[in-house]
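Working from the sequences, and respecting the hints, build out all of it.
Just so you know, the sequences run in chain order A and B. Per the working numbering, numbering through the first sequence is continuous, rising by one, with the last residue being 209. Per the working numbering, numbering through the second sequence is continuous, rising by one, with the last residue being 209.
The hints are simulated quantities; they were obtained by calculation from the structure and are not laboratory data. Wrong hints could be hidden among the right ones.
Since copy identity is lost for identical chains, a pair holds within one copy or between any two.
With a cut-off of at most 25 angstroms between alpha-carbon atoms, the simulated BS3-like pairs for lysine-lysine come out as follows [claimed, not checked]:
no., residue 1, residue 2
1, Lys131, Lys205
2, Lys70, Lys205
3, Lys132, Lys70
4, Lys110, Lys190
5, Lys89, Lys75
6, Lys110, Lys60
7, Lys132, Lys158
8, Lys205, Lys3
9, Lys110, Lys132
10, Lys154, Lys89
11, Lys70, Lys3
12, Lys167, Lys12
13, Lys104, Lys131
14, Lys3, Lys131
15, Lys158, Lys205
16, Lys131, Lys167
Protein chains: 2
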Amino acid sequence: MKIAIFEDNQKFRESLEFLIVTSSDMELCGSFEDTNRLIQKIEALEPDVVLMDINIPGKNGIEAVREIKMYLPKINVCMQTVFEDDDKIFASLCNGASGYILKNTPPEKVLQAIREVAEGGSFFTPSVAKKVLNNFQQQVNDGEFIQLTDREKEILKLLVDGLSYKMIADNVNLSFHTIHTHIRNIYEKLHVNSKGEAINKAMKNKLV
Amino acid sequence: MKIAIFEDNQKFRESLEFLIVTSSDMELCGSFEDTNRLIQKIEALEPDVVLMDINIPGKNGIEAVREIKMYLPKINVCMQTVFEDDDKIFASLCNGASGYILKNTPPEKVLQAIREVAEGGSFFTPSVAKKVLNNFQQQVNDGEFIQLTDREKEILKLLVDGLSYKMIADNVNLSFHTIHTHIRNIYEKLHVNSKGEAINKAMKNKLV
DNA sequence: AGCAGCCTACCACGAATTGGCGATGAGTTT
DNA sequence: AAACTCATCGCCAATTCGTGGTAGGCTGCT
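Set out below in structure tokens:
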């Protein structure tokens, strides 16, 4: 298993290097203090996992992971940082990072994270997992229980996709009037009274 | 640290019980094979963590976690199952579970998961973490780079909230016509031509 | 047989939205 | 100075939407 490190803090980089080289199943294939010529380096070294500091000189870690995933999508990237900055965490993950560990993570967990990421899994330190989870949960249901029939869900989905009544009617082979009625019923169940609100609520509450 | 188990498979329940009682920092405060009188039991036992099988008789695990989080939101729940059923995983997590482990998880990881969950963190087995992450990543940008002006973003946000042109005009103290033009420009930039599509695209690409 | 819920379909009217066309002024870049 | 972007305001015709009704057919439950 080949690992590449991108980390500007020398002490930290060295301790990571030590951790990798003393690990029997891993091989350190590169270690750098900036992201210059990032893609070329990775292309040449062919690491299984890239460890990327989030605040690294050159392109920062978020840009870096985006680039890696754009040009070399098979490379798995594990981010690391000292800060629990929500925005950066989400940005990294959205841009394709497979893992996220804080720098106070004990060595054996770091190795574990690397192994999980190498196998295509994901690893978050618990606090990061919690943040991801919160983001996940908050999208859902404000306590209302909305029960739509299958037909209604089908039509709501098309509505959310931006189709007009007429297009929906075409799509499901029903009369325009029927669609009209269904949508009125949907609005009532969602407690909304415009297309915009309906779409918003449908997406936020993952009704589609 | 007090743990309660809800698990219908006897063998599995017993091995969990063994795992807990032989663990120095944990105490088994209850172990059940169904979810009957769930809330009363939990209220009486006051566990720190509930281990909940997802396919348990009575109310299933998803309903159970929802109830727990509704009546006793401070209780942290860790789900477990043999299957990697995406829908159930997401449903559990959305309903408030803090952890999700598969039943083939080695004992020491189970204990680790319980500890993380007890401390308010989250724990997923890597494959589940991957699923959560995928759901996270897919929400974002299809590769297009959409550059909206501040005004446009502001108006798009209100549009997404379900407001009509007139209401938006009121909201930002502009003329109806101005809103109209902005929205037309927004549509052009988003390559859409209806309110529905615009809202959809705006939400999917997190432009707001 | 009666009731309830769902899917279907229709009428009608006022309000909202779209799409096309044009215009001005402020500020920035070239 | 010309070109450009951004924000602002305007008109108009065609379409779509929101809301109020009505109503038959179907299924499932009592």
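Against the structure, the hints:
1. Lys131 - Lys205: both (20 angstroms within a copy, 22 angstroms between copies)
2. Lys70 - Lys205: between (28 angstroms within a copy, 20 angstroms between copies)
3. Lys132 - Lys70: Both: 23 angstroms inside a chain and 18 angstroms across chains, each within 25 angstroms.
4. Lys110 - Lys190: neither (48 angstroms within a copy, 44 angstroms between copies)
5. Lys89 - Lys75: Close inside one copy (22 angstroms), not across copies (28 angstroms); limit 25 angstroms.
6. Lys110 - Lys60: neither (27 angstroms within a copy, 36 angstroms between copies)
7. Lys132 - Lys158: between (29 angstroms within a copy, 23 angstroms between copies)
8. Lys205 - Lys3: Result: close neither inside a copy nor across copies, 41 angstroms intra and 36 angstroms inter.
9. Lys110 - Lys132: Both. Shortest intra-copy (19 angstroms) and inter-copy (21 angstroms) distances satisfy the 25 angstroms Cα cut-off.
10. Lys154 - Lys89: between (35 angstroms within a copy, 19 angstroms between copies)
11. Lys70 - Lys3: Close inside one copy (18 angstroms), not across copies (43 angstroms); limit 25 angstroms.
12. Lys167 - Lys12: neither (64 angstroms within a copy, 57 angstroms between copies)
13. Lys104 - Lys131: both (17 angstroms within a copy, 21 angstroms between copies)
14. Lys3 - Lys131: Classified as between: cross-chain Cα gap 21 angstroms, same-chain 29 angstroms, threshold 25 angstroms.
15. Lys158 - Lys205: both (13 angstroms within a copy, 14 angstroms between copies)
16. Lys131 - Lys167: Cα proximity of Lys131 and Lys167: none, with 44 angstroms in one copy and 40 angstroms across.
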